[in-house]
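J.: Sequence:
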Amino acid sequence: MLDKLPAELVHRIAYDVLILSPRDVVNLACVNKSLTTVLLGDRYSRDRARRWRATQLALRWCSARDGLAALWALLVPQRDVVADSLEWSEAAATAIKAFADSEVLSKDELLARACKRGHTLAVAALIKHSGYSPTDDDCLAFRLAAQCGHLDIVEFLAAQEGVDAGAYNNYAVRWAARYGRVDVVRFLLAHPAVDPAADNNCAVRWAGMCGQIATLRLLLADPRVDPTANNSEALRKAAHVGCATAVRLLLDDGRCDPRAEDDYALKWALKYGHATIVAALEAVVPPEVVAAIAE
1 MLDKLPAELV HRIAYDVLIL SPRDVVNLAC VNKSLTTVLL GDRYSRDRAR
51 RWRATQLALR WCSARDGLAA LWALLVPQRD VVADSLEWSE AAATAIKAFA
101 DSEVLSKDEL LARACKRGHT LAVAALIKHS GYSPTDDDCL AFRLAAQCGH
151 LDIVEFLAAQ EGVDAGAYNN YAVRWAARYG RVDVVRFLLA HPAVDPAADN
201 NCAVRWAGMC GQIATLRLLL ADPRVDPTAN NSEALRKAAH VGCATAVRLL
251 LDDGRCDPRA EDDYALKWAL KYGHATIVAA LEAVVPPEVV AAIAE
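So for the sequence shown, our numbering puts the first residue at 1; every next one is plus one.
Simulated from the structure, these hints should not be mistaken for laboratory data. A portion of the hints provided could be inaccurate.
[Said to hold, decoys possible] Restraint ranges, calculated between C-beta atoms of paired labels, are given here:
{"id": "1", "residue 1": "P192", "residue 2": "S34", "range": "55 to 61 Å"}
{"id": "2", "residue 1": "T276", "residue 2": "A221", "range": "53 to 59 Å"}
{"id": "3", "residue 1": "D137", "residue 2": "D24", "range": "43 to 49 Å"}
{"id": "4", "residue 1": "D199", "residue 2": "D262", "range": "39 to 45 Å"}
{"id": "5", "residue 1": "N231", "residue 2": "A279", "range": "20 to 26 Å"}
{"id": "6", "residue 1": "N169", "residue 2": "A260", "range": "43 to 49 Å"}
{"id": "7", "residue 1": "T245", "residue 2": "G162", "range": "36 to 42 Å"}
{"id": "8", "residue 1": "A159", "residue 2": "D262", "range": "27 to 33 Å"}
{"id": "9", "residue 1": "A214", "residue 2": "P6", "range": "57 to 63 Å"}
{"id": "10", "residue 1": "N231", "residue 2": "A159", "range": "38 to 44 Å"}
{"id": "11", "residue 1": "G118", "residue 2": "P287", "range": "21 to 27 Å"}
{"id": "12", "residue 1": "K271", "residue 2": "A221", "range": "29 to 35 Å"}
{"id": "13", "residue 1": "E109", "residue 2": "R12", "range": "44 to 50 Å"}
Where a beta carbon is used, it is the ideal one built from N, C-alpha and C, also for glycine.
Please put together the full structure from these sequences, using the hints given.
T.: Printed below as a string of structure tokens:
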């Protein structure tokens, strides 16, 4: 019956539904001359068979290792062998779809994993050849790539139709700032869809609180950013956790109130023994206030 079907449909059954193994495909090709011709009778067909065999071998090798990362470590250096005359990214898409099925991952989970781990080729292949949408779930793929600091993926996804760099209340710039993803923050600040002051200037507040000096510098240099947000929280929390460099940077900026919330910064710096921060704050807080707090 299969030998009566169009060659394109036979190819789809053999290679694209991901049910038949490479051995099954060869056995199918041996059923009769017609199927041999369709499945193995020209270079394109033989290339497809080799590619599918290579994919299966890669999946078997990776099954006890680090999943997708191991798959790409194996396949990428072998792209000329695996793909031969076929486009490499199409071959890669086949491989990672098979991996997804073997891991019982949803589309969203596979794309998210590739973005978080920085697999640029995998992300591109999934979107270009496997019908994965970078706009799903409020541009989750873009947001995760930014959070994890993978600039190549961020730039690639930002160029895709429909991707909103400011999605989910500017999640990307907020979390990139929190984790110190300097290159990503720099890229996002230059993007017209990004508002670094979103969520009451969350990005600069988190950068100060987490001691991410490089991203803090970038944000303070942006005129849209207000470090005094939430009663100068960036300065208060930097003093609280003991990040002297962030405190110095914010004091030098001149906009934060070092006495905000009843001298919160000085009180907590004294409590935790952050001597360098205490000295910096004593230079801008009246001596009688310092003496009263120190008692």
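J.: Go ahead and decide if the range 29 to 35 Å is satisfied by the Cβ distance of K271 to A221.
T.: 32 Å, holds
J.: The hint says 39 to 45 Å between D199 and D262; measuring C-beta to C-beta, is that right?
T.: Once the Cβ atoms are compared, 25 Å apart, the range 39 to 45 Å for D262 and D199 is violated.
J.: Determine whether the Cβ-Cβ distance between G118 and P287 falls within the hinted range of 21 to 27 Å.
T.: For P287 against G118, whose Cβ atoms are near 52 Å apart, the range 21 to 27 Å is violated.
J.: Cβ-Cβ distance between N231 and A159: within 38 to 44 Å?
T.: At 39 Å between Cβs, range holds.
J.: Within 36 to 42 Å or not, the Cβ separation of T245 and G162?
T.: Since the Cβ atoms of T245 and G162 sit about 40 Å apart, the hinted range of 36 to 42 Å holds.
J.: Check the following: the C-beta atoms of P192 and S34 are separated by a distance inside 55 to 61 Å.
T.: 57 Å, holds
J.: Using the beta carbons of E109 and R12, state whether their distance is inside 44 to 50 Å or not.
T.: 25 Å, violated
J.: Given a hinted range of 53 to 59 Å, is it respected by the beta-carbon distance of T276 and A221?
T.: For A221 against T276, whose Cβ atoms are near 24 Å apart, the range 53 to 59 Å is violated.
J.: Does the Cβ-Cβ separation between N231 and A279 fall within 20 to 26 Å?
T.: 23 Å, holds
J.: In this structure, is the beta-carbon distance linking D137 and D24 contained in 43 to 49 Å?
T.: 35 Å, violated
J.: Given a hint of 27 to 33 Å, does the C-beta separation of A159 and D262 actually sit inside it?
T.: Violated: the Cβ-Cβ distance is about 48 Å, outside 27 to 33 Å.
J.: For the range 43 to 49 Å, tell me whether the beta carbons of N169 and A260 fit it or not.
T.: Check failed, 24 Å falls outside 43 to 49 Å.
In the structure shown, a violation is registered for the earlier hints numbered 2, 3, 4, 6, 8, 11 and 13, in ascending order.
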